[in-house]
Amino acid sequence: MSHLNPTPVLEPLQDRTMILNMGPQHPSTHGVLRVILEIDGENVVRIMPDIGFLHTGIEKTCEAKFYQQVVPLTDRIDYLCPMTNNLCYALAVEKLLGIEIPPKAQWLRVLMNELTRINSHLVWLGTHALDIGAMTVFLYCFREREDILRIFEMVSGQRMMTSYFRIGGIALEPPIGCFEKVRDFAGRFPSKVDEYENLLTGNPIWGMRTKGVAKISAEDALALGASGPTLRGSGVDFDLRRDMPYSGYENFKFQVPLGTEGDVFDRYMCRVRELRESIGIVRQALDGMPEGPIKADAPKVVLPDREKMKTEMEALIYHFKIITEGFTVPAGEVYQAVESPRGEMGYYVVSDGTAKPYRVHMRAACLANLQTIPTMCEGQLIADVVAAIGSIDIVLGEIDR
Amino acid sequence: MGLAPAITNIEELKGHPALQTLLSWHAPAVLGVKFDRDEMSITIDRAHIREACALLRDNPEFPFNYLSDVTCVDWYPNEPRFEVIYHLLSIPKKERVRLKVRLDGSSPVVESITSVWPGANYFEREVFDLFGIRFTGHPYLRRLLMPEDWEGYPLRKDYPVEGYR
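So the protein lines, in turn, are chains A and B. Each step along the first sequence adds one to the number in the working numbering, with nothing skipped, and position 12 is 17. Each step along the second sequence adds one to the number in the working numbering, with nothing skipped, and position 87 is 1058.
Hints in this document: simulated from the structure, not taken from any laboratory. Honestly, I wouldn't trust all of these hints.
[Said to hold, decoys possible] Mimicking DSSO-like on lysine-lysine, the simulated pairs with C-alpha atoms at most 27 Å apart in a straight line are:
1) A:K305 / A:K361
2) A:K315 / A:K100
3) A:K65 / B:K1128
4) A:K258 / A:K186
5) A:K326 / A:K361
6) B:K1005 / B:K1065
7) A:K361 / B:K1128
8) B:K1065 / A:K315
9) B:K1005 / A:K361
10) A:K186 / A:K197
11) A:K109 / A:K186
12) A:K305 / A:K70
13) A:K70 / A:K361
14) B:K1064 / A:K100
15) B:K1128 / A:K100
16) A:K313 / A:K109
17) A:K258 / A:K109
18) A:K305 / A:K326
19) A:K100 / A:K258
20) B:K985 / B:K1005
21) B:K1005 / A:K258
22) A:K100 / B:K1005
23) A:K361 / A:K100
24) B:K1064 / A:K258
25) A:K315 / A:K109
26) A:K326 / A:K100
27) A:K70 / B:K1128
28) A:K313 / B:K1064
29) A:K70 / A:K326
30) A:K305 / A:K65
31) B:K1064 / B:K985
Excised from the complex, chain A in its bound form (with noise of 0.2 Å):
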């Protein structure tokens, strides 16, 4: 297996090569990536990326909070898909504290989630086809997106750090009107959907642009550590939702798209049929939502409602008593993994039983999948680097972490 680990010298060996450098300000790169390129004419010899421009250090600043103060911080590792982050965290610190979750809680972040992805690939999708030449997506994306931050808005307040999903639960219950404002947008999504398939699907320029591009196979994608989207399109069936299920999802009924290719034009496939599940596990979320409380029934962990804090001397303790010294957690250690947009989202939490945690990992699913750009661009022309880019999905908010 050595040729998927290259040596990266960077010298050019032989005249007739130049090193390019491409980014960190480049506009396809989707954040900070820089990408050193040895190419020959117009094709790449060799690649490597070069990473930690928006390195800020948060696992170590997760080390002196409270475990409820790390919440907001999660939402600012993979921006794009706050909730996913809030909920993979708040399950690792649930499983930690061994505390159960009432199934209204459970299917409302899985309502919230699957927005969520939606919300993420609109943004892969229309930022993919800019970078390939098709600006007109792009328009049509953030269209629809804009109507989910409306919903993240009316539920949390916010449109993009949400921080919505809290350790014991979720902030709040929904606002009168929100499950409409869903339905209503679950009822339009598909019809846009198609939209953008007519824009791009069967348009021969993408097909030329996608097809064949980047490739990768079953086998190099696995041992490379990709996931998700990445992973699924050279064939692989595997999504944490549904073969490891958490959070209530061994409720939801969907499919798992996948590829057989592993080329650009297949992980666009798979993501742009991960759109229709998603709007059928909404809407599924929708039909079964259950009654009942949205907080476990864990006074030392949960905050008390503002209500009964004004009223119950007992809960205002404990708001008081969480607030300002948090609250402990039995030592251990666990690893949470979620399905995230771009693949294996995990959170390696460590307690040593105090109210901050000892030791807070993120597994970036990025951070794997990036790895696979050598191997899928190496012979390749420079352009069809920004399609491989653009087709495994990177957001380096997540990947530096």
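Got chain A; can you put chain B on it based on the hints?
Positioned in the frame of chain A, the structure of chain B alone reads:
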């Protein structure tokens, strides 16, 4: 819901496929086990980690064919100070296992597993960058996230969190 106490007795956990594979291969390589919160952790002797990973990956009946994650925990000032942690996943069997290697603060060196999973490349570079663990046999062990000329390893517990470095 209360938490079930952790099981640390090897005899009780023998049925776990990963542990079974490792014990039948080389029992002294397994230094300890822990089954806690439905998660299996196996501490491996640091000399055997690469072979253990290759063995678990190639086991035909129960292949742990996917490397999810490599990370590290610093238990400063305790010794052995570092715990390098590998999360493996079996895609066909839908099962996870966690391997651990304990390293002394004086010589935090462990064999790289990039020859088993090339995907360990960035994860090991990140651990090297932030903890200063050296992975022998790694093809390109350079800083990944921090600048090349950075001094110190930020995620170590004795790294100053405020003030001038």
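- prompt: Looking back at the hints listed earlier, which ones does the structure fail to meet?
  reply: 2, 8, 21, 28
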